[in-house]
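Colleague: Sequence:
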Amino acid sequence: MQKKLFTLFSLLMLVSLVLTACGGAATEAPAGNDAPAATEEAMTEEAPAEAPASSDAVTLKIYLLDYTPDTIAWLNDEISPAFEAAHPGVTVEITEGSWSGWDTTFSGFFAAGEGPDIINLGSEMNTLYGENLANMDEYLGAGAWDEISNFGPALENAKYDGSLRGLPIFTAPRYVFCRTDLMEASGWTTGTPQNFSDWKSFASTASVIDPATNSLTQQALVPVDAGSMADWQWWLLVYYSLGGELYKADGTPNFDSPEALATTQFLLDMRLATYGDAVNAVGSLPAGQGSVIDVDDATGKDNGAVCLAHSGWAAPAFDRPIWDNVSIDPFYGDPENFPNSKPVVLAFNDWLAVPEYSQNKELAAEWLKMAFSKEGNHKWNETMGLIPARNDAQYGYVTDSPQLQREAELAAEYGVGFAGIKEAAKLSTIMQDALGKLITEELTVDEVNAKIQEDYSAALGQ
Numbered sequence: 004m005q006k007k008l009f010t011l012f013s014l015l016m017l018v019s020l021v022l023t024a025c026g027g028a029a030t031e032a033p034a035g036n037d038a039p040a041a042t043e044e045a046m047t048e049e050a051p052a053e054a055p056a057s058s059d060a061v062t063l064k065i066y067l068l069d070y071t072p073d074t075i076a077w078l079n080d081e082i083s084p085a086f087e088a089a090h091p092g093v094t095v096e097i098t099e100g101s102w103s104g105w106d107t108t109f110s111g112f113f114a115a116g117e118g119p120d121i122i123n124l125g126s127e128m129n130t131l132y133g134e135n136l137a138n139m140d141e142y143l144g145a146g147a148w149d150e151i152s153n154f155g156p157a158l159e160n161a162k163y164d165g166s167l168r169g170l171p172i173f174t175a176p177r178y179v180f181c182r183t184d185l186m187e188a189s190g191w192t193t194g195t196p197q198n199f200s201d202w203k204s205f206a207s208t209a210s211v212i213d214p215a216t217n218s219l220t221q222q223a224l225v226p227v228d229a230g231s232m233a234d235w236q237w238w239l240l241v242y243y244s245l246g247g248e249l250y251k252a253d254g255t256p257n258f259d260s261p262e263a264l265a266t267t268q269f270l271l272d273m274r275l276a277t278y279g280d281a282v283n284a285v286g287s288l289p290a291g292q293g294s295v296i297d298v299d300d301a302t303g304k305d306n307g308a309v310c311l312a313h314s315g316w317a318a319p320a321f322d323r324p325i326w327d328n329v330s331i332d333p334f335y336g337d338p339e340n341f342p343n344s345k346p347v348v349l350a351f352n353d354w355l356a357v358p359e360y361s362q363n364k365e366l367a368a369e370w371l372k373m374a375f376s377k378e379g380n381h382k383w384n385e386t387m388g389l390i391p392a393r394n395d396a397q398y399g400y401v402t403d404s405p406q407l408q409r410e411a412e413l414a415a416e417y418g419v420g421f422a423g424i425k426e427a428a429k430l431s432t433i434m435q436d437a438l439g440k441l442i443t444e445e446l447t448v449d450e451v452n453a454k455i456q457e458d459y460s461a462a463l464g465q
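Residues in the sequence shown are numbered consecutively from 4, following the numbering used here.
Straight line, CA to CA, 16 Å or less: simulated EDC-like cross-link-like pairs of lysine to aspartate or glutamate:
hint	residue 1	residue 2
1	K64	E87
2	K372	E150
3	K64	E359
4	K64	E369
5	K372	D395
Label pairs and their calculated CB-CB ranges:
hint	residue 1	residue 2	range
6	P72	E457	40 to 48 Å
7	N217	D299	18 to 26 Å
8	A320	T402	14 to 22 Å
9	E378	A284	53 to 61 Å
10	A215	A290	15 to 23 Å
11	E359	N328	44 to 52 Å
12	G399	T94	29 to 37 Å
Everything labelled a hint here was simulated from the structure, so no lab data went into it.
Glycine is no exception: its CB is placed at the ideal position from the N, C-alpha and C atoms.
Please work from the sequences and hints to get the whole structure.
Modeller: Given below as C-alpha cells:
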C-alpha cells in the first residue's frame, strides 16, 4: 500500500514539474482577486492582449484651479469617460482646488514627491516650479504630436529651460479699454493715447475732482488698481512696452535700467496728473456696481473710469449695451523716447503641467491631448468665456463676439507672456512694497528702483 502511495505521489510531482517548465514561474494571485478562467480564444497565438487586471489599475489624478461648474460637468461627462474607454483599467480622478493657498498646496506635492499627475499652474509658475516638472517633449513636442503647432504665444508659458512641461489652457491679456463717449465729452478727440506725453495730458484732461468732497468723480485711467495706480502688473505692462528686459545678460535683475526708471516715473506722473498737486489729500474714485467703465444700473450713472488697463475679467459683460462706446487697444509704450517701444498686451496664460514625480507621464500626456484637442480647448474656454490657447480653437463663441474676436487678434499679434519671472511671488511683494512707498512719497523714483533691485537680487541669492 505504501509503495502504491509513493508511486502515485511521484507521478503527481512529475506532472507538476512538467507544467511548471511549460508555463514559466508561477505567481501567486493577490488576495481577494480570483484569476479569470482561461478561454479557448485566449489560449490561441492570435489572442488579443488582456485588459489590465484590477491589481494593475491606474488612477490618473488631475488637480484643477481654472474651471466653472460647466467645465467640471463637461470633463466628467465627456472627457473622462472617453479617456477611460480608450485606456481600459485607467480611472480619471479630478480634484477641484482653489487659488487660495496654492503655493502651500503645490509645495506640499513637490516636497512629498507625490500627488496629482497633472496640476493647474499660473502663468509665472514655470520658472518657480520648472525643475520639479517633467520634460514632456517626447510626448507633446514637435514630432511627437503634430497638433502642438496649433498653439499660439501662450505655449511659451508651458515651457521651462526650452522644453514643454505641459499645455496652456487660455490666454487672458491686459488690454486698454476706453469709453470713447466719455473721452469726447472730456474734450479728448484723438483716441487712446499712444505715448507717455499723451497719456499724461489725457489723465489731467479727463480726470475730474469734485471740490465739494475733494474726491475723484471721474478717473481718466484705472490701471488694475484704481486707488494707488501703482500695481506691479501695471508696472510690468508699461516696462515691457518700452522694450524692457527683467534680467541683464548675466541674469541679474534689471531694475536700474533706463526703461525701468522711466516706467516708475511714468506711474508717478500719471498719479500726479490724475489726483493733482494735493495727490494724497484727494479721495479715490468710489466703487460702483460692475466694471469701472460701465454704468451702475441702480443709479444710472457712470462708474467713473474713462479707460481701464486690465484683463477682460474687469471689463463689462459682453451683453452690456455700453460696448457700443468701448474701444480695445494694446498699450503702446513711448516710441518718442524709447525706440524699442512696441504695442503690448501682457498675457496671463494658465496651464496644466505634469510633475516629475508622476509615475504616469505618458498617460498624462494622452489625457492632455484629448482635453486639449481643437474641440476640447474650445469647449474648456467656452465654459469660462476666455480665449483658447489654441489658435484653431478660436471659433464659435469667440468669432461670434466682436469683443472676444478683437481681444484674440490683439493677443496673437501683441501678446507678451507673463512667464520667465524668477521667484515671481517674492518679486510681486517686493515691488508692491516699494511702489507703495512711491505713492506716499517716502521714496523717490530712483530710491524705489534701487530698493527693488537690491531686494530682488537678495531674493534670488545674488
